[in-house]
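We have chain A already, so just place chain B on it with the hints.
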Amino acid sequence: MGMIVLLIVHGLLAVALLGAITHQVVSVWWPVRAVSGGFVARYRSTSSTSYVTAIVVLYLLTMVLGAVIYTHYTISARVAIIQLQLWKPYGLFEMKEHFAAIGFSVLPAYWYFWQPHVAPQYARVRAILTAILAFIVWWNFLIGHIINDIRGFGS
Amino acid sequence: MIASRKLGVFVIAFAIAYAVIYVMATELNLALFTYHSALGEFGFGPNKPRNGPAMYWYGWIATSTLCALVIAAVAAYLPETMTRRLSPTLAWVAPLAAIVTTAGMMVRMYFLR
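In the order they appear, the protein sequences are chains A and B.
Numbered per this note's numbering, the first sequence finishes at 157, counting up by one with no gaps.
Numbered per this note's numbering, the second sequence finishes at 164, counting up by one with no gaps.
Bound conformation, chain A alone (with noise of 0.2 angstroms):
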């Protein structure tokens, strides 16, 4: 039952977190040169720097309640997927498990050249990281929903 209430909150945090860094990427990769009043446009235009130290913050809670939750799933869920030899979301659920190591290198990075004081030359790279993250927190999220329902997969 604790699991299952720790998977929810997992899940929200995710949701929170996928929330906030499509918003970031979105108005940094396809910014509005024109405010306009439609839903869209309003949606590009966010003020991108507030999101940082949230995405940081949400990052690191989802990860860390994702890794309490990873003991249980190692001795439940993982042994039923390796019985049934389906490997494809087994390499898919290793990939989100390296994916979210690695994100959590970038974070560092990615905190510092969103700081207002570094030079405007590093928006690139900027740009860059935050697609980085973005990739990674679809990623997981859309592969922890597929392991998550894999029994109802051809059932």
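Calculated directly from the structure, the hints in this document are not laboratory data.
We put the beta carbon where it would ideally sit given N, CA and C, even for glycine.
Keep in mind that a hint or two might mislead.
Computed spacing ranges between beta-carbons, pair by pair [as the list claims (entries may be wrong)]: (1) A:W89 / B:A89: 16 to 26 angstroms; (2) B:A89 / A:I6: 45 to 55 angstroms; (3) B:G96 / A:A121: 35 to 45 angstroms.
Per the computed footprint, the stretches of chain A lying under chain B, defined by three or more beta-carbons under 8 angstroms from a beta-carbon of chain B, are [what the hints assert, rightly or not]: (4) 5 to 13; (5) 20 to 29; (6) 52 to 62; (7) 125 to 135.
Okay, now just chain B, sitting in the frame of chain A:
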């Protein structure tokens, strides 16, 4: 300004060192510790499984973080003449290369078997 430069060198060096060490740690199993999830026990270094799966992931992260922290701290205090060539581009190239490398390893192990 000096503090900012040192912090900049630190974060770039950390991203590079961590990415390289993490890939090495996964390939060579350089886990600082092992967690035996079925027993709820920790073991120092990479241990063989005991009555259940042995988890190395936490140990790989610990190894990479500690080593990268030391390397980044040393780099931050090096003279500016030595760190000038440490391009900020490497702060994303190294993690991206690590992502591609680990993904390739997983494809080879689980998709092409």
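Hint by hint, here is what the structure shows:
{"no.": "1", "hint": "A:W89 / B:A89: 16 to 26 angstroms", "verdict": "holds, 22 angstroms"}
{"no.": "2", "hint": "B:A89 / A:I6: 45 to 55 angstroms", "verdict": "violated, 20 angstroms"}
{"no.": "3", "hint": "B:G96 / A:A121: 35 to 45 angstroms", "verdict": "holds, 43 angstroms"}
{"no.": "4", "hint": "5 to 13", "verdict": "violated (count 0)"}
{"no.": "5", "hint": "20 to 29", "verdict": "violated (count 0)"}
{"no.": "6", "hint": "52 to 62", "verdict": "violated (count 0)"}
{"no.": "7", "hint": "125 to 135", "verdict": "holds (count 4)"}
Violated hints, in rising order: 2, 4, 5, 6; the structure is consistent with all others.
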